[in-house]
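Heads up: the protein sequence lines correspond to chains A and B, in order.
Per the working numbering, the very first residue in the first sequence carries number 1; after that it's consecutive.
Per the working numbering, the very first residue in the second sequence carries number 352; after that it's consecutive.
Hints are computed from structural coordinates only; laboratory data are not their basis.
Virtual Cβ for every residue (Gly too), placed ideally from N, Cα, C.
Heads up, some of the hints might be wrong.
[What the hints assert, rightly or not] Partial pick of chain A residues on the chain B-facing surface, computed with a CB cut under 10 Å:
(1) T5
(2) F29
(3) P34
(4) L42
(5) D49
(6) V98
(7) D129
(8) I148
(9) Q167
(10) L171
(11) F200
(12) C273
(13) G277
[Unchecked claim] Capping the alpha-carbon separation at 27 Å, the derived lysine-lysine pairs in DSS-like fashion look like this:
(14) K471/B - K120/A
(15) K374/B - K23/A
(16) K120/A - K251/A
This is what each chain is made of:
2 protein chains.
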Amino acid sequence: MVARTITLADGAGGERMHELVRKHVLARFSEVRPVEIGLNRLDDAAIVDGVAFTTDSYTVRPLFFPGGDIGSLAVAGTINDLAVMGAEPLAVSCAMIVEEGFSLEDFDRVLASMAETSRKAGVPIVTGDLKVVERGAAQQLFINTSGIGRRTRRLDHNFAVARRHRQVRDLWLTDGNLAAGDALIVTGTVGDHGIALISFREGYGFETSVQSDAAPLHTMMAKALEVGGLVAAKDLTRGGLANALNEWSEKSAVGLRVRESAIPLSQGVVSACEMLGLDPLEIGNEGKALLGVVPAMAEKVLSALQATPEGAKAAIIGEATDEVRGVVLETVVGGSRPLLPPSGDPIPRIC
Amino acid sequence: MVARTITLADGAGGERMHELVRKHVLARFSEVRPVEIGLNRLDDAAIVDGVAFTTDSYTVRPLFFPGGDIGSLAVAGTINDLAVMGAEPLAVSCAMIVEEGFSLEDFDRVLASMAETSRKAGVPIVTGDLKVVERGAAQQLFINTSGIGRRTRRLDHNFAVARRHRQVRDLWLTDGNLAAGDALIVTGTVGDHGIALISFREGYGFETSVQSDAAPLHTMMAKALEVGGLVAAKDLTRGGLANALNEWSEKSAVGLRVRESAIPLSQGVVSACEMLGLDPLEIGNEGKALLGVVPAMAEKVLSALQATPEGAKAAIIGEATDEVRGVVLETVVGGSRPLLPPSGDPIPRIC
């Protein structure tokens, strides 16, 4: 008998990772004391004593890519995990694991990029850690950013609006909050980050002008919350839109119907996906979110999103419904098919 | 000209790391908005909107060692960074970077150990992340734990007691809070964690019974705060007691006089240090803290510490004074010498 080992697929953000996490992590990390939203919810952030709290480690390669680098990605990614819970990001941490021999110039470039992203976002980096390991014990540089955020009056207003229309389970933008009728909004084109990375890596023999979409989304989210009526939000990282939709359908116990033709896609992503045989709906993004909005507010939220730079290409792509089970994609050619969660990640090491 | 690269010494927790951090990190990460205690303070945790927030990545090897493993170390270490600020630890995160091919059995052992440490400490693990990288891109397993904590009435009481005796700069247990006259207390024997690790690694050709001291200190800290009069606390990780004392002297701009004979040391650590030519005061610990206490309360705080399992061997080792500059060690043989900060870490990868 060969002992089971951890494989790349176990960490790819798809079904296999969820199974590993449920069976090996959640089974052990049962809540030690009740918290508002804990690990068992597997949401974008936890809520403890009213504080939103999230963590992500970044192992992206290459470290520098069109539209960003590991530093901007790490700061934006953690801000986004707070923002899509409805929290106002307060502060981010920065813990670096550096391989001995890593160039000080590249180290400086990454730090400058983190600093710029933090400054532009108005979210300070307040605490950190540095570990250096022997050559070969890590690959260049890994960064962990964790973050904390708080509840705002804006979020209270958002839920006050939503509750004029129906009951809401959690008063944060959780995966379990959807109900039949809710509109599904994607805040822009999907697949850009993953395609920018894979096209930039060596050996793929093609070039595109696709840039990573890595960007903090908290300002855009604030504008949407000011309109009100959001019940759920999720950033479309590993596993892409296909994964996010399936998580929502499962956690909210509601069907989702999505119109393929309504999903925003850039021409570069479409071309690259055709060439590589990839599904853009399974590809990770770092500056896009999926929103669930009570139907009466959907158009107003959409307009507010479209008025922001990050949400200019936002679109309503479908709705929650009791008429289907799981996620059903109405295809461009007129039929419909189940949109299954990706089993692994088609492009490894994108974040 | 050869481009400068990051070296192991840059991450060793000593003077060289402090220089790198000051020059390359702090220079860039100037605070984006004012926070109570921010990165520029380089303290054990930041304080933002009344929330204590800290992060640490663990790259210890081997993963399993006498008295603990990377999992128990990570949970205890982050709890301690919160506890030594005077905060009550509320929650911890867990972000893992796993090398492809890592044994699922060892993965499970680490998770079980984290869960047990969390449960015993009463501090839940509420959010997490998992990344798997290709074989050779990381060494087995790295863990980042970040943590959040809050202010308690106990901490307010502690400072009310301290302020009966003198002015206090920060109302958290910061490195900059010491003043001449304050007593220095070490909460137990020093050097155990580093010696347990090095003696367990292959090729050193000796064995000891020294166990890692890795343990959460928040319960012990709570008992000390209930007495009151603490102004500063610091856990004695990388760089050990020598580093902590020098940081305090510099940040509080006060001299420190330490009696070598008063520093608690286990016989195993003394023997191992003699054999290896190491200074136990420079060796990292994972379950010991240095406390600064207003003089009138020192004996009472000491008694309270000694009544706890973690603090049973606590001792007053010296005091802050304007009569010396920097840190001066009164040696066992009767002389005195400057105790300098370690330039690097005598034992790499201990946390």
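Verification of the hints:
Hint status for T5/A: holds, given a least beta-carbon distance of 5 Å to chain B, under 10 Å. A cut of 10 Å between beta carbons decides the hint on F29/A: the least distance to chain B is about 5 Å, and the hint holds. At about 9 Å, the closest approach between the beta carbon of P34/A and any beta carbon in chain B falls short of 10 Å, and the interface hint on this residue holds. Below 10 Å, beta-carbon pairs count as interface contacts, and L42/A has one with chain B at about 9 Å; its hint therefore holds.
For D49/A, the interface hint holds, since its Cβ comes within 10 Å of a Cβ in chain B; the closest pair sits about 6 Å apart. A cut of 10 Å between beta carbons decides the hint on V98/A: the least distance to chain B is about 5 Å, and the hint holds. The restraint placing D129/A at the interface with chain B holds, with a minimum CB-CB distance near 5 Å, inside the 10 Å limit. Against a cut-off of 10 Å between C-beta atoms, the interface hint on I148/A holds, since the closest Cβ of chain B lies about 5 Å away.
At a threshold of 10 Å, the smallest CB-CB gap from Q167/A to chain B is about 26 Å, leaving the interface hint violated. Annotation: interface hint on L171/A violated; nearest CB of chain B at approximately 18 Å, more than 10 Å. A hinted interface residue such as F200/A counts as satisfied when its beta carbon comes closer than 10 Å to some beta carbon of chain B; here the least separation is about 18 Å, so the hint is violated. For C273/A, the interface hint is violated, since its Cβ never comes within 10 Å of a Cβ in chain B; the closest pair sits about 24 Å apart.
Hint status for G277/A relative to chain B: violated, with the closest Cβ pair at about 22 Å, above 10 Å. This hinted pair does not check out: K471/B and K120/A have alpha carbons roughly 41 Å apart, beyond 27 Å. Straight-line distance between C-alpha atoms of K374/B and K23/A comes to about 45 Å, which puts the hinted pair past the 27 Å bound. About 34 Å separates the Cα atoms of K120/A and K251/A, which puts this hinted pair outside 27 Å; it is violated.
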